[in-house]
Amino acid sequence: MLVSDYFIWGFALLVAAIIWRQTRTEIGKNRWVIISQKKSSIIAMVLLVFFMGITLLDSIHIHADSINQDFPSLLDLAFPKAAQITETSYSAPLATHSYQAEVMLTKDGSFQSSFPALKITHTQMPSLLILSLKGIAWGLLSFALLFCVSLLSRCAITRQWHLSYSDAWRFSALVTGILLIIGAIIYQIAKHYHVLGTDQVGQDILVQTIKSIRTGVIIGTLSTLSMLPLAVVFGLLAGYCRGWVDDVIQYLYTTLSAIPGVLLISAGILVMQSQLQHHPDWFHTLAERADIRLVGLCLILGLSSWANLCRLIRAETLKIKSLDYIAAAQLLKLPFWRILARHVLPNCLHLVLITIALDFSGLVLAEAVLSYVGVGVDPTTASWGNMINTARLEMAREPIVWWPLLAAMIVMFLLVLSANIFSDALRDALDPRMRSSNLANKEKAS
Amino acid sequence: MIRYWIRKLLSIIPIIIGVNLITFVLFFMVNTPNDMARHQLGEKHVTQEAIDVWKHEHGYDLPLLRNPKETGFKQYTNTLFVKQNLSLLRFDFGQSDQGRSIGQAIATRMWPSLALAIPSLLIGLAVNITLALCLTLFHHSWFDRFGTTICVSLMSISSLFYIIFGQYVFAKLLKWAPLSGYESGWQAWRFLLLPIAIAVLSGIGSGVRWYRSLFLEEISKDYVRTARAKGISDWRILSRHVLPNAFIPILTGIVVLIPMLFMGSLIMESFFGIPGLGSYTIDAIAQQDFAIVRSMVYLGTLTYIVGLLLTDFSYALADPRVRLAGGKD
Amino acid sequence: MTSLLNIANLSIRFNPDVNQTDAVCDLDLTVAPGECVALVGESGSGKTLTGLSIMQLLPPGAHVGTHSNLMLNDIPLLNLKQKTMRSHLGKEVAMIFQDALSAFNPIQTLKKQLLEMRRAHYRESKHKSLRIIKERCLEVGLNNPDDILTKYPHELSGGMRQRAMIAMALVNDPLLLIADEPTTALDTLLQQQIIDLLKQCQEQRRCAILFITHDFHVVKRMANRVAVMQHGKLVETGNIPAFFHTASHPYSKHLLSSLLTLSPKESTDASDCVLSAHQLSKRFGNHLACDSISFNLYRSKTLALIGESGSGKTSVARMVAGLSTIDDGNMCWPNTTPSIQMIFQDPYGSLNPRMTIGHILAETLRQHQDLKRSLAFEQAKQHLLEVGLPSDFVWRYPHELSGGQRQRVAIARALTTRPDILILDEPTSALDVTIQKHLLHLLKDLQKQYHMAYLLITHDMGVVADMADDVMVIRHGQCVESNTAKLLLTQPTHAYTQSLLNHAI
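If you're matching them up, the sequences are chains P, C and D in order.
Numbering-wise, my numbering comes out as the position in the first sequence, counting from 1, plus 7.
Numbering-wise, my numbering comes out as the position in the second sequence, counting from 1, plus 67.
Numbering-wise, my numbering comes out as the position in the third sequence, counting from 1, plus 161.
Simulated from the structure, these hints should not be mistaken for lab results.
Don't take every hint at face value.
Pairwise CB distance ranges (calculated) [to be verified]: (1) D:Lys244 to C:Phe213: 21 to 29 Å; (2) P:Val255 to C:Phe380: 20 to 28 Å; (3) P:Lys45 to D:His224: 31 to 39 Å.
Residues from chain C that face chain P, not an exhaustive set, calculated with beta carbons under 7 Å [what the hints assert, rightly or not]: (4) Gly85; (5) Tyr235; (6) Val236; (7) Gly367.
Quick caveat, the model's predicted, so the values are computed rather than measured.
Cβ atoms here follow ideal geometry from the backbone N, Cα and C, with glycine treated the same way.
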């Protein structure tokens, strides 16, 4: 297991625990109802669960043979064998022949420029229609399996046999079913074709795109996680203690904000790189090295962007401090740290969650830009930034090679869009301003 | 009022010193002057003498933060850090590690950056605010819902995609504008057309959403209810009451964009081959030229601080509650 | 006489609705020309919604039922086209709101805002419009219209702002004025002035007023008729002043009986002093919030500090509690250091919304008595029973409780430390009249039981009469009069005290 694997599994378990606790309380259930009111947020949530599932699957690494330096994950093993066949060079999606003409020796001994057949093709290529039908069948089967499993587990937990499902659950089941069917169709087709074509070195684009999901999700989550401790602690202290503590912390984050972000990140990456060069004993394989670089990038991204959340928490702490229940706690002689931890912090958490959700999409997009500047992830790591970078030059080719770029763009768009829609729904559910302003309107109105 | 501004100006100095210190430390953690000399001299086997000569030429032979050779106060002042800072304060940027004058480069490259950034900012602002006003006017209708969905989608597309797509369609296919490059003087507009259009387009998604949420927040306030009770039309309410009040928080949003004026949109300048300060910085990072990076960070900090001061100042102008109370506290 | 305003079958429903009942249900009300009708009810009664519906200013999500009918001067107001509706708003019917500061646009001068009211309905020369708004300003008692009109809303005092809002409503000589709790946020003396002003407007202009309020003192002064609402339904109407004697509906009678009178309570025996304050002073910048306030607190006795907002009484309370530093003067106590707790004014801000009631109480119990968690919970249940709440409230969150219930929890929390002194900072001013009476009763019982000294901060003479043994009147930070409650209420010596008493009758 790689370092980042532990992080992402820890994060996923943490989120699951938070959701589990939320569903126990009345307020939590209300929030879920608000979030699942709109169909778009249900679709977004299901998509995010899918993406997270792929990431987690891709984060269980099995120690492989050190001969060919391979470090496959469960996801790698799940890919159909055909997808791992490497061609010589470009090929269009669902093509049977190479994209570029090559000079080949024909049967009668002359040289001719033609499109050679791909390695993946063989004599009996099944039609796409049959493959799609097979896919639908498999999809329905797996959906039925999933449905039974969840039904049984829910019965076991709640010990009821008569279950009613709300509209939201039904709709999310529908969406999950559709996604499973689409996934199964793609899987069936991928057994015989390169669904999204191949790139310059002949690697399947679909495989690359799906592997990049893990990189994107890790960057989105880990970076925000690494900024949380600093931002929260400093924000709380600055808002509550005022005086010189407040001044020092304000000075710190103003100074940090004044430095252009790209430079901070570049400097951090370069430092990390030189450290890695001087300590080759920290890792054994190229994969581990690339992984440490990924984790390092996340930490640096987090450390350079805590100023924003700190400012927000400080403002919120100032507001909370003037409320009566803090004065009551002070009168009751509760210790300082307890007031901060039990009374101030829980009332700031909505800001933290909203910031995490909002920053997620920003960070995923930023990764692409950072790769362009040269301070992104390791070139051997599969990431959309790397794909876009190489694709940029391919746009100039004649005839144009458009599929790597489009594949990366579309999948990245889906992830970022789902995150944006979900964070909007989360904000509607969590922001007490919105809720309390509605309540206040109702109170005032009567 | 004056005392408030003087206090504000004084508080800036520690920030500038802090920023310079951090950049200084960060960069010298990456590269010691010896490494820098080796990198710039380029050859495989350079003698220690050549390194020392190079260091002396570029002023890197002084110790970094503390000079043990001197005594007393001079221990700290006769160091690299102080000398560089002093020259920066005089706006004397010195020479790049490759020997070219930085000050001159900044002076020439400033204009293309501004020519790209200012129109993008202004046109973007106008477009975003107008669209946001339209969406607010039709709040609770299908138009608003449709509009916000489109905004979220536009916002989820990477800016790289806008650039690549824009370049491909408009420059390569339709040939409406040149792909990249730049020409100084008034002819530059041909080369700026596409980058500005793409900058505005890629900013519509998040910009319209942000301004729309500001306007909606203002609309829920009591004075809008009073205005409705007077019998004024919705459009008048938006333009005469909501928009001026919303300008106060809009100003905070704008100040964040001001540092972009000088740093240039790094990506835009790179993709479109515009010789501005942004591409200057990117190249410097790639070449690990510390002198240029140091100067650009200093410049970036200055513009950020100017932006902060301008926000406070414009708050005082726009909000009579602040103006009459004598500055924000 | 044909009625000016005729409301028939008014129903207002929220969509989506949490409660599944109408916020306003089948309301029938008429207002004759030149008549002042008071619409009275507690929070949740639907009175403000009724007022807003006449102006078509309902909050988003609220809809008027299809069978409702609203007629103003024989013009049906519902289902009008937007433009036609707008031509009536501000002209035939105008509204004044509770909080004048937020009702005005903060970045426009008053001149601009008043002119806008005039020019939205009349096309005339600017000179003429200006003359008219100056006339209105003089009419409402703003004696320097040239100067005042150039100012921004936040530059005026609360009273002047409210007058400006009335001036703005009167600009177009409306036939009906809807006043939504215009005096609730004001101090006692200012309330009186605004009520007198509105009465003057009604009489001189023959303007009908629909006065929405929860305060019966105001009703007594202002109204010709009163309509009582409960849970969205009109419960009873009656003429003033006969209504106060002849009210027949049980709810009306309940409301009237909850009104506090000015008869002082029976005196209690002398007891020992727990705290002595000498010459307490507090300064904020250049402003002297309180100046040399001295008093003694005795066990089982209540000292009331009465004054208007800004008089400094809250500063005194915070100094005694230890929440603010004392700039001048000192406090001393004869025996051990007294433990002091405080009940705050706003029930919605005094409990941490993220903790259950049980946690809130258990936290303080464990802090002071080092108990185990389960034991602390059991004790918390006991404390809840003490303040009259069921013990299963320990599992509830504050947002599930009403304002009165939250104040009881706050009292329970304060009692966990068995304080010697309990400071009550306007404990009932945010609560409904009926709840107020119960809460004061509870406080008196607890005082008898635990022999606590009470320092009561209030602006309401009725509360003083109900609770206090000794009274101190504070104005602009200084003590104006100080005496036993009995003497002060029956024979006040200072003019200010007299005016405070006048309003409460």
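Hints, verified against the model:
no., hint, in the structure
1, D:Lys244 to C:Phe213: 21 to 29 Å, "26 Å, holds"
2, P:Val255 to C:Phe380: 20 to 28 Å, "26 Å, holds"
3, P:Lys45 to D:His224: 31 to 39 Å, "22 Å, violated"
4, Gly85, "4 Å, holds"
5, Tyr235, "6 Å, holds"
6, Val236, "11 Å, violated"
7, Gly367, "5 Å, holds"
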